[in-house]
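**Q** The numbers in the UniProt record's numbering rise by one with no breaks, and the one at position 163 of the sequence shown is 163.
Watch out, some of these pointers could steer you wrong.
Said to hold, decoys possible - Restricting the straight-line Cα-Cα distance to at most 25 Å, the calculated cross-link-like pairs of lysine to aspartate or glutamate (DMTMM-like) are:
1. K51 to D38
2. K316 to D298
3. K316 to E286
Hints were generated in silico from the structure; no laboratory data involved. Predicted model, so just to flag it, every value in this text is computed and none were measured.
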Amino acid sequence: MSRSRTERLVNLVICLLSTRRFLTAAQIAATVPGYEHDPDDPRDHEAFQRKFERDKAELRELGVPLETGTASVFDVEPGYRIAAREYALPDIQLEPDEAAAVGIAARLWRHAGLAAAASSGLAKLRAAGIDIDPSATLGVEPVVTVDPAFAPLTTAARDRRAVAFDYRVPEGDGPTSRRLQPWGVVCWRGRWYVVGHDLDREATRCFRLSRIVGQVRLTGKPGAYEPPTDVDLISHVARWSGPIERTGRATVLVRPGRAAGLRRWAREVETTPEGDRLVLPFADVEGFAASVVGYGADVRVLDPPEVREAVIQRLKEIATRHEAASVSAR
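Model the full assembly from the supplied sequences, consistent with the hints where possible.
**A** Given below as C-alpha cells:
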C-alpha cells in the first residue's frame, strides 16, 4: 500500500471515529485529506467514488467496523461511521520490549505528516457544525516528539538525496559542516541516529540527531545514489556508540502503580505519602530528560536541578508546538 493511501485511510478512520453521526461521502470528501476533487466534474467525481469504494472495502477487510446509515429520517443519501464500541481494543499486556516498540512508533506519528492532516480534518468537521467527540481518538497524537532533524533526514533517505548539516561533538569547540548520503534513520538506546556515506571522509558514518545544529539542507538530486543492501544500520550504530556509562543519579517522584519502565531502572525505591521516590542512574541529561517526559504527569523530577530544568524545557517546547499546530488548524 502506498504511503499516500495509508495516510488517507488513517485520516478516514480518525474522521469517522471522531463523530457519532453518519457522514455522507460528500462530507468525507470535504474533510479527509486525499479525497479532494471537483464534484461538478463528472470524471473527477467518478474517480473519487472509485477511490472511496476501494478504501471502504480495504477498511472492512482490515476488520474496521464501518457502518452505513442516515443521520435522520429526512436524509436520502447514506452516511458512514465507525462503531467505536466495536473498534476499541481490550486491555493489552505488553512485554517491555513490545511496549518500547509501540512507543517508538507513536513518536513517529507527528513526523509522518499524519497528525497535522488529522487535526485539519477535524477542524473542518467542527466548521461544518458537526459535533466532535474529543475522547474518541485520545492518544492518537502523542505529546513526545523526536529531534527536528528527523523529518528531513528520513525524507532524504527515502528519496536518496544527499544532505548537509552542522554537527557538534562534546569535545569540539563548535559545530562542523558535514555532507552525507543518508541510508536510514534508526533509534538506539532512546536516541536517534542517521547512518550513511560521509562524502568528505569517504566512509560510513553515523550521527546523533540531537547533535545536529540548525537546519538539514538538501544538496543532491533525488535518486542520486543507492545505499548498500548488506549494512545493518542498528548494528553499525551499536558498534559506534559503545557501552553507555550511567554515572549520573536522579531522584524522581512517581505516582503509585505508574511508570513501570522507570521502576525497572531504579537503584532505590522509597514509598512516601506523595508517591514513590525513585533513584535512577543516567548517562546524559538530555537523553534522560527525553525518557522522563514520555511519562507525562506521572513522573516529577526532584533533582538534580539540571535534569529538572531539561525536562521543563522539553515540556515548554512541546506546549509551543501544540499551540502552533492548534492555531494553524483553525
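**Q** Could you run down the list of hints and mark each one as holding or not?
**A** Right, here's what the structure says about each hint:
Pair hint K51 plus D38 holds up; C-alpha atoms about 14 Å apart against a cutoff of 25 Å. Between the alpha carbons of K316 and D298 the distance comes to roughly 17 Å, so the proposed pair stays at or under 25 Å and holds. A C-alpha spacing of about 14 Å is found between K316 and E286, which places the hinted pair at or below 25 Å, so the restraint holds.
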